[in-house]
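Peer 1: Listed here are the chains, written in short residue letters.
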Amino acid sequence: MKKYRIRIVMSLVIMILLLVACQSVDTDQPSTTEIARTLQSTTELPPSTPIVETEISARFTISAELSLQSAITALYQAYFPGEAPVFVETNADLAVFTRDTNNGERPEIFPTFLENAIVINQTDSQNAAAFINFAISPEGQKVLIEAGELASTLTLRDQAGNQVQLNQPIERVISSYGPATAFIYSVNAEDRLVSASYLGARDPFGAEVMGKIDPRFPDIMGEEFFTQEDFNIEQAASLDPDLIITSARSTWLETASQLELSLFLFDAENPERLQEAVQLTGKIFGPNPSAYADAWVSYYNAVSSQIEEQTATLSEEQRPRVLFTGTEPLRVASGDMYQTDMINIAGGVSVSEALSGYWNDINLEQVVVWDPDVIIVPPYGGASVEAITESPEWQILDAVKERRVYQMPKLVAPWDTPAPDSVLGIVWLAERLHPDLVDLDCSEEADYFYNTFYQYAIPAVEIARICEFE
Amino acid sequence: MNDLKRSLSKKFLTIIPIILAAALFVFSLTIGRYPIGSYDVLRVLISPFFPSLSMDIPDVAKQLILRVRLPRILGALLVGASMGGTGTALQAIFKNPLVDSNILGVTSGAGFGAAIALLLQSSPWQVQLSAFIFGLTAVLLAFLGSRLYKSTPLLVLTLMGILVGSLFSSLTSLLKYIADPLDTLPAITFWLLGSLTSLTWSNLIILSGMTLLGTFFLWLIRWRLNVLSLGDDEAKTLGINPIQMKLWIIVVTTLMTASAVSVSGVIGWVGLVIPHAGRLLVGPDHKYLMPASIGLGAVFLILIDDIARTLLPGEIPLGVLTGLIGVPLLMVLLRRNRPGW
Numbered sequence: 001m002k003k004y005r006i007r008i009v010m011s012l013v014i015m016i017l018l019l020v021a022c023q024s025v026d027t028d029q030p031s032t033t034e035i036a037r038t039l040q041s042t043t044e045l046p047p048s049t050p051i052v053e054t055e056i057s058a059r060f061t062i063s064a065e066l067s068l069q070s071a072i073t074a075l076y077q078a079y080f081p082g083e084a085p086v087f088v089e090t091n092a093d094l095a096v097f098t099r100d101t102n103n104g105e106r107p108e109i110f111p112t113f114l115e116n117a118i119v120i121n122q123t124d125s126q127n128a129a130a131f132i133n134f135a136i137s138p139e140g141q142k143v144l145i146e147a148g149e150l151a152s153t154l155t156l157r158d159q160a161g162n163q164v165q166l167n168q169p170i171e172r173v174i175s176s177y178g179p180a181t182a183f184i185y186s187v188n189a190e191d192r193l194v195s196a197s198y199l200g201a202r203d204p205f206g207a208e209v210m211g212k213i214d215p216r217f218p219d220i221m222g223e224e225f226f227t228q229e230d231f232n233i234e235q236a237a238s239l240d241p242d243l244i245i246t247s248a249r250s251t252w253l254e255t256a257s258q259l260e261l262s263l264f265l266f267d268a269e270n271p272e273r274l275q276e277a278v279q280l281t282g283k284i285f286g287p288n289p290s291a292y293a294d295a296w297v298s299y300y301n302a303v304s305s306q307i308e309e310q311t312a313t314l315s316e317e318q319r320p321r322v323l324f325t326g327t328e329p330l331r332v333a334s335g336d337m338y339q340t341d342m343i344n345i346a347g348g349v350s351v352s353e354a355l356s357g358y359w360n361d362i363n364l365e366q367v368v369v370w371d372p373d374v375i376i377v378p379p380y381g382g383a384s385v386e387a388i389t390e391s392p393e394w395q396i397l398d399a400v401k402e403r404r405v406y407q408m409p410k411l412v413a414p415w416d417t418p419a420p421d422s423v424l425g426i427v428w429l430a431e432r433l434h435p436d437l438v439d440l441d442c443s444e445e446a447d448y449f450y451n452t453f454y455q456y457a458i459p460a461v462e463i464a465r466i467c468e469f470e
Numbered sequence: 471m472n473d474l475k476r477s478l479s480k481k482f483l484t485i486i487p488i489i490l491a492a493a494l495f496v497f498s499l500t501i502g503r504y505p506i507g508s509y510d511v512l513r514v515l516i517s518p519f520f521p522s523l524s525m526d527i528p529d530v531a532k533q534l535i536l537r538v539r540l541p542r543i544l545g546a547l548l549v550g551a552s553m554g555g556t557g558t559a560l561q562a563i564f565k566n567p568l569v570d571s572n573i574l575g576v577t578s579g580a581g582f583g584a585a586i587a588l589l590l591q592s593s594p595w596q597v598q599l600s601a602f603i604f605g606l607t608a609v610l611l612a613f614l615g616s617r618l619y620k621s622t623p624l625l626v627l628t629l630m631g632i633l634v635g636s637l638f639s640s641l642t643s644l645l646k647y648i649a650d651p652l653d654t655l656p657a658i659t660f661w662l663l664g665s666l667t668s669l670t671w672s673n674l675i676i677l678s679g680m681t682l683l684g685t686f687f688l689w690l691i692r693w694r695l696n697v698l699s700l701g702d703d704e705a706k707t708l709g710i711n712p713i714q715m716k717l718w719i720i721v722v723t724t725l726m727t728a729s730a731v732s733v734s735g736v737i738g739w740v741g742l743v744i745p746h747a748g749r750l751l752v753g754p755d756h757k758y759l760m761p762a763s764i765g766l767g768a769v770f771l772i773l774i775d776d777i778a779r780t781l782l783p784g785e786i787p788l789g790v791l792t793g794l795i796g797v798p799l800l801m802v803l804l805r806r807n808r809p810g811w
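Taken in sequence, the protein lines are chains X and Z. Its first residue numbered 1, the first sequence is counted upward by one per residue in our numbering. Its first residue numbered 471, the second sequence is counted upward by one per residue in our numbering.
Check each hint, because a few of them may be wrong.
[Stated by the list, open to error] Restraint ranges, calculated between C-beta atoms of paired labels, are given here:
1. X:357 - Z:614: 41 to 47 Å
2. X:204 - Z:797: 43 to 49 Å
3. X:382 - Z:492: 38 to 44 Å
4. Z:798 - X:357: 25 to 31 Å
5. X:273 - Z:682: 52 to 58 Å
6. X:203 - Z:798: 44 to 50 Å
7. Z:566 - X:357: 36 to 42 Å
8. X:401 - Z:526: 16 to 22 Å
9. X:167 - Z:596: 50 to 56 Å
Derived from the structure by calculation, the hints contain no laboratory data. C-beta atoms are modelled at their ideal positions from N, C-alpha and C, and glycine is treated no differently.
Could you build the full structure based on these sequences and the hints that come with them?
Peer 2: Right, here's the structure in full:
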């Protein structure tokens with residue numbers, strides 16, 4: 001009897017020791033919050049206080065519309081404490097004015113600190129450049145909120161229909177949904193990410209390019225913690241996020257709502273919802289990201305309407321019939337999927353439009369019945385053109401015999417997913433479907449898109465790699 | 471005289487499923503999403519011998535019949551026959567009417583093998599090879615495990631089969647958990663539900679070799695199954711080494727099941743339901759039951775596959791249909807038919 005008691009006591013002691021050991025292991029390591037914080041501080045803008053110069057005369061001159069002068073003054077005084085801005089009529093270093101930033105087919109985006117109010121550096125003044133960066137940063141947003149120029153809270157309706165109250169500015173964001181991460185990058189708010197799931201950054205090429213687009217990528221890649229299926233509460237708490245952005249189809253929403261985390265849900269499986277999602281992302285992060293979002297939407301619409309105009313002469317029967325396959329040749333995109341919308345915008349008809357749901361498994365006989373003119377293979381999941389063209393069974397199809405099987409390209413995010421990059425997927429598709437009618441060039445558009453929306457100076461080699469077409 | 475009559479009618483009843491399978495095989499060639507007339511199908515079938523007969527038939531239709539429908543229906547026939555045969559044999563040696571081909575974990579093992587290959591995005595033949603190897607591994611593990619325990623080997627083997635099966639099921643769930651929900655996960659799920667979509671002439675070779683040899687073996691030993699199902703002592707008295715015989719049957723059925731599962735994915739219920747249907751038709755005598763089960767298995771799977779490939783534009787997973795049809799069928803059979811097992 002005694003023996004057993006000793007055993008029980010011993011095992012209890014061991015368990016307690018183990019628990020203590022676990023605890024101490026936890027505290028030994030620098031917490032992820034600290035890591036994230038240090039990371040953030042290294043990427044932060046020049047601190048506002050240490051700039052101390054004896055010269056009192058203004059660092060640069062500003063020309064500003066009267067209505068914007070108070071906002072600029074607030075920003076200036078916050079950035080250069082104890083100094084006052086000098087407003088001039090002409091020949092200013094800095095021009096501040098109101099303008100719609102989202103006009104034009106391939107809009108150029110200017111630093112936007114209030115809705116429609118942009119600030120442009122007209123000389124090479126370093127101070128002015130730093131000031132602009134401050135004006136559009138979350139710190140600048142705070143100053144503008146204090147000055148009453150921006151609202152301190154924002155209520156937006158997310159795509160699951162929830163009213164979400166957002167305390168501005170949103171500085172620390174977790175994105176557990178790959179497309180949403182792409183939205184955040186394309187509205188130039190990636191510095192607010194503390195952890196994110198990515199689209200298409202698993203393969204070596206995607207990861208390499210993503211590392212070039214954002215040097216923080218390896219550190220904030222959080223796929224082991226946050227995905228649509230999985231949400232690591234402990235990790236989330238340690239990151240102390242202002243907002244968690246995810247898909248409306250995430251499986252852990254119930255748990256998260258019980259913990260009263262601030263969630264924003266996206267559900268963007270068609271072009272309208274995608275545009276709305278990007279614009280909502282812009283609004284979440286403030287005026288400058290919003291300007292990017294608007295610019296992207298107008299670019300998307302410009303591309304769509306150009307294709308529509310240039311293929312207007314085609315009747316419904318003349319439009320190429322497209323089969324969009326999945327990770328396996330006999331898995332096809334349904335009519336509910338974004339790929340079908342892309343085909344329609346690019347001036348084609350999806351043969352599998354009548355199917356519903358997600359990817360559908362079909363048999364070859366059905367493909368023969370559809371008899372597609374063109375077959376498109378996605379750029380992920382090991383899908384390849386050869387799996388179709390080298391299969392003896394698939395030789396029945398004219399599209400295969402005549403080698404009209406193409407693989408959709410990708411840089412990081414696949415061009416066929418409902419992410420901002422999909423506008424290039426539409427360009428690329430239209431180029432394949434209507435080489436004689438549509439006057440759009442994948443290389444040119446990719447160059448514009450990645451430079452503008454990802455601020456990534458895409459090298460010519462990469463453009464050639466993604467847009468090449470034999 | 472009466473006995474002769476009964477045995478004649480039994481022989482007749484035994485042949486019915488086989489004739490039915492052959493007829494259904496030909497009939498199935500004429501149905502599909504792509505409309506081809508039945509006369510045209512017949513002309514295409516004999517076109518290798520008389521090319522002039524099918525000159526006017528479009529090339530697409532010919533290719534479709536010869537390269538897509540023929541291997542697939544042949545595959546359905548072979549897989550069905552294999553499952554009916556192995557189910558009957560295993561039910562006999564385990565003396566348990568609730569046994570099917572997965573009793574020793576072969577299906578679960580194959581499922582895991584396929585899932586791991588799909589996760590690594592391997593080519594289709596690698597998936598099949600991996601499924602085959604892991605199917606055999608599972609049975610080997612169950613067998614080695616049963617050696618740990620000395621007495622009542624068959625019971626321990628059953629237990630080990632269940633354990634190994636659960637182990638591989640858990641591993642498969644783990645892989646599904648890791649798998650990318652956008653690409654590999656649907657592929658794994660679809661494979662686990664079973665489908666004959668991927669059947670072509672090239673992967674029919676192993677399947678047909680294994681199935682034909684295995685089925686022939688089961689047909690040869692059909693009367694020994696009667697003896698084995700009596701019990702080990704009786705079998706010994708009648709001059710059969712029960713341990714050795716059972717071992718052979720397990721090896722053969724494992725090879726057959728692994729090769730079937732590796733091309734078709736996991737198709738449940740056929741191996742369980744078909745022997746019961748066979749008993750309803752010809753009674754418990756394995757001399758008749760074995761061929762009847764083989765024939766019925768083929769008929770059942772060809773039928774199920776016809777529904778799977780023609781009912782909707784999308785392919786319906788076979789595992790879903792066999793379950794939906796197999797479960798009520800088993801219930802009805804168990805309710806209405808009380809022959810000696």
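Peer 1: For each hint given before, does the structure comply? Return the numbers of the non-compliant ones in rising order.
Peer 2: Those not satisfied: there are none.
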